[in-house]
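Please take these sequences and the hints and turn them into a complete structure.
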Amino acid sequence: MTYAFNFDVIWANAGNLLGGLALGLALAILAIAIGAAIGLVAAFAAIDGSRTLRSCAAAYVTFVRNTPLLVIVLVAYFALPELGVRMGKIESFVASLSLYAGAYLTEVFRASLTGIPSGLTDAGHSIGLTRFQVARLIRFPIMLRNALPALGSTFISLFKDSSLAAAIAVPELTFQARRINVDTFRVVEAWMAASLLYVSTSLLIAAGLRRFERRFPKF
Amino acid sequence: MSNRLKLIVIGLVGTALLSPSAASADKLTDVLARGKLIVGTGSTNPPWHFRDEAGNLAGFDIDIAKIVAKGLFDDPEKVEFVTQASDARVPNVVTDKVDITCQFMTVTAARAQLVNFTIPYYREGVSLLLTKDSKYKSHDDLKAAGSAVTVSVLQNVYAEDMVHQALPEAKVDQYESVDLMYQALNSGRADAAATDASSLKWFILQNPDKYLDAGYGWNPQTYACAVKRGEADWLNFVNTALHEAMTGVEFATYRDSFKKWFGETPPEPTIGFPAELR
Amino acid sequence: MERFFIELSNMRLQLAEGLITTVEVSIAAIITGTALGLFVGVGLAFGTRPVRWPLRAYVDVVRGTPVLVLILAAFYILAAFGIHFTATGSGVFALSLFCGAHLGEIFRGALEAIPLTQIEAGKSMGLKMRQILLLVLLPQALRQALPVWINTAVEIVKASTLLSIIGVGELLLKTQEIIGRTFLTLDFYIFAGLIYFLINFSIEQVGRIAERRLAGH
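Protein chains in written order, with my numbering: chain A, 1 to 219; chain B, 1 to 278; chain C, 1 to 217.
Please keep in mind that the hints were generated in silico from the structure rather than gathered at the bench. Hints are not guaranteed to be accurate.
As the list claims (entries may be wrong) - BS3-like, lysine-lysine: derived pairs with alpha carbons at most 30 Å apart: (1) A:Lys-89 / B:Lys-259; (2) B:Lys-171 / A:Lys-89; (3) B:Lys-137 / B:Lys-201; (4) B:Lys-132 / B:Lys-210; (5) B:Lys-259 / B:Lys-135; (6) B:Lys-70 / B:Lys-36.
These numbers were taken from a predicted model, which means no experiment stands behind them.
Printed below as a string of structure tokens:
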């Protein structure tokens, strides 16, 4: 069977596809910001916290990492309202993706914190800094620098995971491609366009992050 | 290494070329020769297509498919169901993954450019569900109450407009799923639930003492099965099978199924001059 | 809650069937993906430029594309070209491509980390390149990649939920079928989540044990 390509439908829907791409990026940006906040708290809890805090952080990471994101998304959107927690599509997806990101970032931050030579923190204590000051002025910035590459790759993963929002009809890129697929049956063009946009955006982000990383010396 | 790569590539291309099922004269002949009908449908939407307590596919769409199978093989069970998502309805027909799709498919002119629709077998609409102990008993009561009424509805871009077509002043509360929409009605957060007439009838049938239909339907849409374009004999065959189920020798089967899923008996065909030609 | 347990016992065979499909699909994708990944890894590490270039393109495109897009694309595009896979077939195909690209990159890294002197040593012993690859390099690369390989297995099990979207009757779709009829949304989604957690947690524990054994050597 020969397939006759016809990209007209892609040009006609270019606005929707690019809008979908922008929405996907926005979802990923929100998720990494909120996820980083969760990850930061959980990572410090996992290292410096009491036994209870440590096991809470560990349970959170283990649980989320081993549960499919799609199940988390469906529970947040369709099932939580049964418990009185009602969010719009976008809010509930951002909440799910942030929760998911938080677990991965906890691991990233924890590894970066553990990698800090104890000499540096000892030096901080010896010049009279409080524990909180050592955490804020020494451990946090070094951790952030060490975590930079992993933060970057997590962001790219989250950007790709934003495609799952299509399952609850959030009009991001995958949703738009699916719509072209269904409405016009230009299947090859629709999925080629979507894939191309995802791949090129991921590559661009990766290249940008590499340049950004180079500006900061590594510890 | 590169020689082996070539072999693998040749192998893959070869398989790809050989895979298409040997196409013969036409769809009707193919299906008859195969000895079973392959039907695309869903599995998560009662009363149309869903898994019953025994895990078997059941529902009105399923019965319609069985009517076609009975016409083909004189055996309603000679059907293989392929469960598919709603957005695979057109693609699976076009690429011959299924012979026919019966999956509460709304007929639109745009879709008719991609597939051939059969004659319709149901006209869907939106209706209002009330609880029996509600102070509102009918659409007129709701309309008279104006903005004092809250209607729960499934979340949708058009949901608000759709409700306002029937109840221009009502407050609209959108829910994420059908069960939440019903729960809003049960808990009194909503005075009525606006939903597909078919789901509503099915729900009342499941809970006969608790609910009633406000008796007003609007927003019509036609449900039909879809087949691949350009298969005139096949389309004609399916149309004949469906037509005779709604007006002729197979009417009893259609009527029983209709009653089973919607709790109502469809109008009997009039004897004498064929009513559809009047 | 009582209704949940009644439905759960009614539907146990349905759910078991879905669980079996999930496991089968995942295992098929992991096996095919591992074979593909080994081929790609070796090609990327030792292939000539005309071999490396298409492999690199495959790995980068697949790794840059969301799995859901791969699954939908495989489901629709294969059919448009007249390749008649079932939904399950296209799903396994997409998951294998995904798995193969990730593992290819990992095996490449593991192979390149092995000192070149070992190849020289093998050659001086009179081994052919194929023998060196099979007897010297691959065993080491596989061992080094084992923890990541197990992690990929978890990712594949998680990604298999996406097949529900193209109509494969795996655990999540079976769960949704029950929810469609019973409206026990919260109960059954939580139940499904728990099952996935248990599968993946077990895989993770096996991975931990394997890792510890390897570190012990």
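Which numbered hints turn out to be false for this structure? Violated hint (a single one): 1; every other hint is consistent with the structure.
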